[in-house]
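Residue numbers (our numbering), protein chains in the order written: chain D, 30 to 193; chain V, 459 to 885.
Treat the hints as calculated values from the structure; they're not laboratory data. All values reported here derive from a predicted model rather than from experimental measurement. Any given hint could be a false lead.
[Said to hold, decoys possible] Simulated crosslink set (EDC-like; lysine to aspartate or glutamate; CA at most 20 Å straight-line): (1) 494(V) x 36(D); (2) 814(V) x 620(V); (3) 814(V) x 91(D); (4) 840(V) x 64(D); (5) 122(D) x 173(D).
[Stated by the list, open to error] Footprint (simulated), chain D over chain V, 3 or more residues, beta carbon under 8 Å: (6) 818-827; (7) 834-841; (8) 874-880.
A virtual CB, placed ideally from N, CA and C, is assigned to each residue, including glycine.
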Amino acid sequence: MSMTGLDDLYREVILDHYRSPHGSSAVEDPQVEVEGHNPLCGDELVMQLDIAGGRIRAVHIEPRGCSISVASASMLAQQLEGATLEEAIALKKTFQAVMKGGEWPAGFERGDLEALEGVKNFPVRIKCALLAWMTLEQGLAEYEPDLVGEVEADRDIEVITKKS
Amino acid sequence: MQQVTPKAQATPLKTPLDVTRIREDFPILRRRVHGKRLVYLDNAATSQKPQAVIDAISHYYSHSNANVHRGVHSLAEEATDAYEQVRGKVCRFLNGDEPSSIVFTRNTTESINLVAHSWARKHLGPGDEVVLTVMEHHSNLVPWQMMAKDTGCTLRFIDIDDEGHLRLDHLDDYITRKTRLVCLGHVSNALGTIHSVRTIACAARAVGALVLVDGAQGAPHGPVDVQRLDVDFYAYSPHKALGPLGIGVLWARRDLLEDMDPFLGGGEMIRNVTLERSTWAGVPHKFEAGTPSVADAVGLGAATDYLTEVGMHNIRAHEKYVVTYAMERLAELPFIRIFGPRDPADRCGLVSFVDKDIHPHDLGTVVDQHGVAIRAGHHCAKPLMHRLGVVATARASFYIYNDHDDVDALIDALIAAREVFGLSASR
Chain D
30 MSMTGLDDLY
40 REVILDHYRS
50 PHGSSAVEDP
60 QVEVEGHNPL
70 CGDELVMQLD
80 IAGGRIRAVH
90 IEPRGCSISV
100 ASASMLAQQL
110 EGATLEEAIA
120 LKKTFQAVMK
130 GGEWPAGFER
140 GDLEALEGVK
150 NFPVRIKCAL
160 LAWMTLEQGL
170 AEYEPDLVGE
180 VEADRDIEVI
190 TKKS
Chain V
459 MQQVTPKAQA
469 TPLKTPLDVT
479 RIREDFPILR
489 RRVHGKRLVY
499 LDNAATSQKP
509 QAVIDAISHY
519 YSHSNANVHR
529 GVHSLAEEAT
539 DAYEQVRGKV
549 CRFLNGDEPS
559 SIVFTRNTTE
569 SINLVAHSWA
579 RKHLGPGDEV
589 VLTVMEHHSN
599 LVPWQMMAKD
609 TGCTLRFIDI
619 DDEGHLRLDH
629 LDDYITRKTR
639 LVCLGHVSNA
649 LGTIHSVRTI
659 ACAARAVGAL
669 VLVDGAQGAP
679 HGPVDVQRLD
689 VDFYAYSPHK
699 ALGPLGIGVL
709 WARRDLLEDM
719 DPFLGGGEMI
729 RNVTLERSTW
739 AGVPHKFEAG
749 TPSVADAVGL
759 GAATDYLTEV
769 GMHNIRAHEK
779 YVVTYAMERL
789 AELPFIRIFG
799 PRDPADRCGL
809 VSFVDKDIHP
819 HDLGTVVDQH
829 GVAIRAGHHC
839 AKPLMHRLGV
849 VATARASFYI
859 YNDHDDVDAL
869 IDALIAAREV
879 FGLSASR
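My request is simple: use the sequences and hints to build the entire structure.
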């Protein structure tokens, strides 16, 4: 049976992240704590960030959702540890643009996120891949408003900031 | 791909329906999805439409289209007759007492909002209680929350047991002398539980409370007799019962409708209008402001005829037969957990379940690739999901055109999902 679309969606690297997500270790005294919800499907996650000197020192994420939202959150945790806030926002913006049909800029360090490109062929699942990133943006926007600028509201995703 | 062949002598039940012939009436069932036969198991969201309904709407626009209740020309008269005739059909369908007690709305949600606005806001205040259940669809919860905030009345919730039955043993604790209104679903859209509306209506009567039934999952799936149920309001959405999207039904006791104020103001619902004030048309027209969806009403008439011909008792028996088979087949899969009543007699043609290792959204995506349409999510019943300790479930819901082969396709697709995720299908 040909399941090209499915094989492309559920790549092994995605399933690996789903089975053992990054970011499970607790963060002591986080500077940012946000909860993201997808009210349409019930997916949710809690994100804590330990930030010092303009860099993300540690990310803790507790995701409750489908493989796509969990894998995307795990990749976020993996990729953003040690990143500057500017790098974090740039990655969010680029990844979002890719999910909405754009291409990765040439030479862009995309890591495992590349594996999520198959999600583009399943439009209803794009919001799953974006949940963690929208949550991140909202958390950083309240931590350092000048850096992030105006946050584009997404009707599919609701973010509650607990601490920033 | 692993295939599991259905067990021999799977179920002793028989269906009274000729499903092969019924399927021929539904043009959409001939289409293919991802190269596979469409297996439509999302009937609790909306049903498919038989050719007779599609033709009735098309014929209305091709031959009789005009606005209703105004104009003296022939088309206006035909359109008005067609529209008002459907009121009579729907009234008979619910065994209401008179056609004027049927109000056309846009959907069940609007019907419930109408009662919340026009009855509850007028009559309820601090100290009064409205009793709901923890398993209501958001459409039978949110309007009451809004109403309670405005009036100061209190909402109380009947709990469920672990199988998803209402705790009728504690009814006296919930339905008391303070209770003015009891609102409950006829059948749960999330678990399929058929509620004992009569038992609850009886308890409500004893304290002088009114009863509203959200029949969105009731009316499509079995005979409804509002007089025998002894309720005051019954709402449903014809699009879940072979009818078109865009029209809803509210049946209410005529004396209550007389006493209620209008919901929306505008054309069609007035008797006289001056610049300062207006008086209202009679029941039911004072609740139908603006131009109604006449074509959808005509389609509803055709759908009601179709259901009546198939027979609502037969539909109930058929769903029991399909859901019994579905529960047997799902029980063969060790990785599947079923929610709701264990006895298929206590549920309509609906099964909510989870794969212990695969999130319902992932299941939904995978089975869709096999042509199988199921719902994955919280089913607009987030408080119930919380009560069950899950964020979401997968839900297969059946109707008159579904049979064993559809259940088998679902089972095969669920097994295929295990493969996609590199999981064993035998544990």
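Consistency of the hints with the structure:
| no. | hint | result |
| --- | --- | --- |
| 1 | 494(V) x 36(D) | holds, 18 Å |
| 2 | 814(V) x 620(V) | holds, 18 Å |
| 3 | 814(V) x 91(D) | holds, 19 Å |
| 4 | 840(V) x 64(D) | holds, 17 Å |
| 5 | 122(D) x 173(D) | holds, 16 Å |
| 6 | 818-827 | holds (count 6) |
| 7 | 834-841 | holds (count 4) |
| 8 | 874-880 | holds (count 4) |
In this structure, every one of the numbered hints holds.
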